[in-house]
Amino acid sequence: MNKTWKKLLALAAPASAALLMFAAAASAHVTVLPKESATGAWETYTMKVPVEKDVNTNKVVLKMPEGVEFQQYEPIPGWTTSVDEAAGTVTWEAEGNGIAAGQFQRFTFVAKNPAEEGEAAWDAFQYYADGSIVEWTGDENADTPHSITTIGAAASDTAADAHGHAAGAAGAAASDDAASANEAAVSDPASAPADEAGEPASDTDSAPEASAVSDPASAAADAPSDAPASESNSVLLYVTLALSIAAIALSGAALLSRKRKS
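According to mature numbering (1 follows the signal peptide of the UniProt record, and there is no 0), the residues represented by the sequence shown are -28 to -1, 1 to 234, in order.
Since the hints were made in silico from the structure, they are not lab data.
Hints should not be assumed to be uniformly reliable.
As the list claims (entries may be wrong) - Derived DSS-like pairs (lysine-lysine); straight-line CA-CA distance at most 25 Å: (1) K31 with K7; (2) K35 with K7; (3) K35 with K25; (4) K7 with K20; (5) K35 with K84; (6) K20 with K84; (7) K20 with K31; (8) K35 with K20; (9) K84 with K7.
Claimed, not checked - Between beta-carbon pairs, the in silico distance windows are: (10) E67 with K25: 17 to 25 Å; (11) E112 with E57: 26 to 34 Å; (12) Q43 with K7: 15 to 23 Å.
Note that beta-carbon positions come from the ideal geometry of N, C-alpha and C, so glycine has one too.
Sequences and hints are given; from them, build the entire structure.
Following this line, the structure appears as structure tokens:
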């Protein structure tokens, strides 16, 4: 019986190792989140850079997709950030050792999405301390694919952008209706409510306050989330375990069948 189990483990080990290697490789890609965003939005993006070699990553270059306008970046201790507007690239370079093997680093920045719907492909270039470069520029079927964000229509036509302006035709119509209502309310001085001094209230008293996020720099950055990557890794792990168990069971059944026949 011990010999049978040894044979089963010998057969199942290579399959399990291959599946685990596949799961690790699938989760080691350079990714940019979120995967979905709205047209014209000032989005807070987070690029996650894992190290898949035994040497450190000391530099990362990200190229802005067509139509995407880079705006701001979050400073990271130990890293120098430079922006090349002509080339449309942002470079993060380590001042020290960089990202070690088995580690990853997040780089957060704000960019303005294009006005048209489509896909934003993030081409990234990962530099290693040994001089090698991994170009994450391929399609989804490539060994080193680029990350893609789907740019769709805004969730709400009346949602405000980072400058505090109403977006879309419906938002403009709502603004026009509100302006008309305000104008009608004070068109007759006699009907306007008097203030403490007995004078009609001025239009400036009822004017709405300026948006608190009129400046993109004052808008709070979204907390970076790595939930999609975590869910994907969990699914791959469960699939790996299930396939390994299935392989062991099939191998055991085959060996037992041969033993009975002999």
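Hint check results:
| no. | hint | in the structure |
| --- | --- | --- |
| 1 | K31 with K7 | holds (24 Å) |
| 2 | K35 with K7 | holds (16 Å) |
| 3 | K35 with K25 | holds (23 Å) |
| 4 | K7 with K20 | holds (13 Å) |
| 5 | K35 with K84 | holds (14 Å) |
| 6 | K20 with K84 | holds (19 Å) |
| 7 | K20 with K31 | holds (13 Å) |
| 8 | K35 with K20 | holds (14 Å) |
| 9 | K84 with K7 | holds (15 Å) |
| 10 | E67 with K25: 17 to 25 Å | holds (20 Å) |
| 11 | E112 with E57: 26 to 34 Å | holds (29 Å) |
| 12 | Q43 with K7: 15 to 23 Å | holds (20 Å) |
Going down the numbered hints, you'll see the structure goes against none, and every one checks out.
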